[in-house]
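Asks: The residues making up each chain are set out below.
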Amino acid sequence: MPETVALIAQVRAGNEAAFGALVAAHLRPAYLAALAIVCRPSDADDVAQDAFLIAFERLDSCREPARFSGWLLRIVRNHALNWVARRRLHDVLPEPPEQITNASAPTEPSEPVVRAALLVALSTLTPPQREVVLLHEIEEWSHAEIAAALEISEVMSRQHLLVARRRLRENLTPVLPQEVNHGT
Amino acid sequence: MEPDKVDLHLLDPARDELLWRRKIATLAARAWLHRQEHLSVTLQLLRWTRPALAMAVAAALVAMVGASWVEPRAATTIATEPVYQFAAWATTDQIPSTVTILETFGGHHVAE
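One line per chain: the protein sequences are G and L, in this order.
Mapping of the first sequence onto numbering that gives the first Met the number 0: position 72 corresponds to residue 71, and the numbering continues sequentially without gaps.
Mapping of the second sequence onto numbering that gives the first Met the number 0: position 15 corresponds to residue 14, and the numbering continues sequentially without gaps.
Keep in mind that the hints are not guaranteed to be accurate.
To be verified - Okay, the calculated bits of chain L under chain G, using three or more residues with CB under 8 Å as the criterion:
1) 4-16
2) 31-39
What the hints assert, rightly or not - For each label pair, taking beta carbons as the anchor points, the in silico distance ranges come out as:
3) G:ARG62 - L:PRO50: 28 to 38 Å
4) G:ARG62 - L:LEU44: 17 to 27 Å
5) L:ARG49 - G:PRO40: 45 to 55 Å
6) L:TRP47 - G:VAL4: 51 to 61 Å
7) L:GLN35 - G:MET155: 32 to 42 Å
8) L:PRO50 - G:SER152: 22 to 32 Å
Stated by the list, open to error - Chain L is faced by these chain G residues, among others (derived, beta-carbon under 7 Å):
9) GLY19
10) TRP70
11) VAL113
Hint data in this document are derived by calculation from the structure and do not stem from the laboratory.
Backbone N, C-alpha and C define an ideal beta-carbon position, used for all residues, glycine too.
Model the full assembly from the supplied sequences, consistent with the hints where possible.
Replies: See the structure below:
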């Protein structure tokens with residue numbers, strides 16, 4: 000966080016390189032937070048980028064640079080919710096996996112199939128569960144970091160992760176038994 | 000390694016590092032430009048805000064000074080109004096002469 004605070008100060012002073020570093024440090028969490036709500040990678044990409052533009056336009060109104068992550072993710076979430084509402088995708092599901100039934104075949108499923116299956120499994124979770132599991136498993140944030148950014152308690156973060164992992168396993172094991180156990 | 004961990008690396012947007020770096024660079028450039036445009040608009044507004052505020056303050060001062068000049072005259076005018084004159088006679092039990100009454104109301108009629 001001290002790095003972020005320093006970067007924000009530099010950006011405010013007009014340092015473009017610091018700006019690039021700030022984007023590099025925060026784009027992935029922003030994307031994952033967006034994905035947790037819109038459930039579609041291409042939409043998450045657009046939402047994260049738009050939210051970044053909004054955030055940087057309003058950077059001077061970020062009163063607590065030490066809490067930049069939380070502030071940014073709030074913008075991302077609001078923008079993602081607007082995005083979903085605008086497109087009437089409240090019950091959005093990712094694009095249906097084309098060959099998901101082939102997973103039972105002896106050949107190893109292709110990357111797009113696994114990816115689609117993961118998205119389908121993720122869509123069975125609640126948005127906070129998705130957000131926690133994505134930030135923890137991909138961004139490798141600690142529960143303390145997640146709790147601070149999402150404005151929840153660490154206990155709640157752990158709880159969301161526990162439930163999310165269990166549900167993902169339940170949903171993925173029948174279609175991708177090998178993929179589920181990669182993490183072990 | 001956590002035993003319960005579910006492998007989600009296929010959903011990692013930074014999987015293709017080169018593509019991801021390019022995306023960051025493009026977004027950073029776009030966002031920087033956006034911010035500069037926004038700042039220039041804000042600066043323009045700020046530049047116009049000061050003179051506008053100064054003009055508003057000057058206008059308010061002029062209005063206040065004008066009001067302080069107008070007020071005594073208005074008070075005098077009110078005091079010479081026939082209605083007030085009549086009320087003054089009534090409250091002081093004065094009995095004005097016919098000429099005074101005519102002058103008071105006649106003057107009023109002439110003015111109309």
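Asks: For every hint, state whether the structure bears it out.
Replies: Status of each hint after checking the structure:
1. 4-16: holds (count 10)
2. 31-39: Holds, because 4 residues of the segment 31-39 of chain L bring their Cβ atoms closer than 8 Å to Cβ atoms of chain G.
3. G:ARG62 - L:PRO50: 28 to 38 Å: Roughly 29 Å apart at Cβ, these two residues keep to the hinted range, so it holds.
4. G:ARG62 - L:LEU44: 17 to 27 Å: Hint holds: Cβ distance 21 Å, inside 17 to 27 Å.
5. L:ARG49 - G:PRO40: 45 to 55 Å: holds, 48 Å
6. L:TRP47 - G:VAL4: 51 to 61 Å: Hint violated: Cβ distance 33 Å, outside 51 to 61 Å.
7. L:GLN35 - G:MET155: 32 to 42 Å: The hinted range 32 to 42 Å holds for GLN35 (chain L) and MET155 (chain G), with Cβ atoms some 40 Å apart.
8. L:PRO50 - G:SER152: 22 to 32 Å: Given range 22 to 32 Å: violated, Cβ gap about 51 Å.
9. GLY19: Holds, about 4 Å.
10. TRP70: violated, 15 Å
11. VAL113: holds, 6 Å
The earlier numbered hints that this structure contradicts are 6, 8, 10.
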